[in-house]
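Chains as they are written, first to last, in this note's numbering: chain W, 1 to 115; chain X, 1001 to 1116.
Just so you know, these hints were derived from the structure itself, not from any lab.
It cannot be assumed that every hint is accurate.
[To be verified] Derived pair list, reagent style BS3-like, types lysine-lysine, alpha-carbon separation capped at 27 Å:
id	chain 1	residue 1	chain 2	residue 2
1	W	LYS102	X	LYS1078
2	W	LYS54	W	LYS107
3	X	LYS1062	W	LYS107
4	X	LYS1071	W	LYS102
5	W	LYS107	X	LYS1011
6	X	LYS1078	W	LYS107
7	W	LYS5	W	LYS68
8	W	LYS5	W	LYS71
9	W	LYS71	W	LYS107
[Said to hold, decoys possible] Just some of the chain X residues that point at chain W, by a computed CB distance under 8 Å:
id	residue
10	GLY1040
11	GLN1041
12	GLY1042
13	PRO1043
14	LEU1045
15	ARG1048
16	ASP1056
17	TYR1101
18	GLN1102
19	THR1104
20	GLN1105
21	PHE1107
22	GLY1108
23	PRO1109
24	GLY1110
On a predicted model such as this, the values are computed, not experimentally measured, just so you know.
Beta carbons are placed, not taken as given, at the ideal position from N, Cα and C, and that holds for glycine.
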Amino acid sequence: DQQVKQNSPSLSVQEGRISILNCDYTNSMFDYFLWYKKYPAEGPTFLISISSIKDKNEDGRFTVFLNKSAKHLSLHIVPSQPGDSAVYFCAAKGSSGGSNYKLTFGKGTLLTVNP
Amino acid sequence: EAGVVQSPRYKIIEKKQPVAFWCNPISGHNTLYWYRQNLGQGPELLIRYENEEAVDDSQLPKDRFSAERLKGVDSTLKIQPAELGDSAVYLCASSPGQGSYQETQYFGPGTRLLVL
Chain W
1 DQQVKQNSPS LSVQEGRISI LNCDYTNSMF DYFLWYKKYP AEGPTFLISI SSIKDKNEDG
61 RFTVFLNKSA KHLSLHIVPS QPGDSAVYFC AAKGSSGGSN YKLTFGKGTL LTVNP
Chain X
1001 EAGVVQSPRY KIIEKKQPVA FWCNPISGHN TLYWYRQNLG QGPELLIRYE NEEAVDDSQL
1061 PKDRFSAERL KGVDSTLKIQ PAELGDSAVY LCASSPGQGS YQETQYFGPG TRLLVL
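Produce the complete structure using the sequences and hints provided.
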């Protein structure tokens, strides 16, 4: 049972354009969401996060939007750069229950930014 | 500041053999996590330590997997005996452990295990 879903295994974008990566979740107890970026042969690197009390968080070229009613979040990268080419993981956690520090990850989306 | 260090980076073993992975977290980080990432999947938590105490090992297959963090710093994850299905990347992560719900987990580069 995949509680965090990234339905697009891959995405290809031209340099300078917008990249939009999507993520859906099923567990209504999730209240904190993160995006990690992963280059080959490296570990995931934290990119940006958002709490459920917000619907938008921005950090430079990266913006995460949260739609709680739809249980959907998205990561926007504007403008996209070739160095953004990586696998992007959506992750979530919930504040209730014993595993309140446990991150649940999606399967990832491979972003390719073409020069 | 040094990141999370893991060794070895790659390991190839035959099934039924034992294997061990080592992790040294970021200096001062009290919380340490071991994750397993299967091919085409996201990382899945195996165990979480607060200092030397394993506070969440509910996802650790205890029949063949064991872990320790004796002095509350570095940690070892062991598999004995390894099975073909254990082939994966084993990731270690750490976080400050200051009690903030939103604190970031920092990942090491992982150990890629191949069981033949």
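Consistency of the hints with the structure:
no. : hint                    : result
1   : W/LYS102 with X/LYS1078 : 21 Å, holds
2   : W/LYS54 with W/LYS107   : 24 Å, holds
3   : X/LYS1062 with W/LYS107 : 25 Å, holds
4   : X/LYS1071 with W/LYS102 : 23 Å, holds
5   : W/LYS107 with X/LYS1011 : 24 Å, holds
6   : X/LYS1078 with W/LYS107 : 25 Å, holds
7   : W/LYS5 with W/LYS68     : 15 Å, holds
8   : W/LYS5 with W/LYS71     : 11 Å, holds
9   : W/LYS71 with W/LYS107   : 17 Å, holds
10  : GLY1040                 : 6 Å, holds
11  : GLN1041                 : 6 Å, holds
12  : GLY1042                 : 3 Å, holds
13  : PRO1043                 : 5 Å, holds
14  : LEU1045                 : 5 Å, holds
15  : ARG1048                 : 6 Å, holds
16  : ASP1056                 : 6 Å, holds
17  : TYR1101                 : 6 Å, holds
18  : GLN1102                 : 6 Å, holds
19  : THR1104                 : 5 Å, holds
20  : GLN1105                 : 7 Å, holds
21  : PHE1107                 : 3 Å, holds
22  : GLY1108                 : 5 Å, holds
23  : PRO1109                 : 5 Å, holds
24  : GLY1110                 : 5 Å, holds
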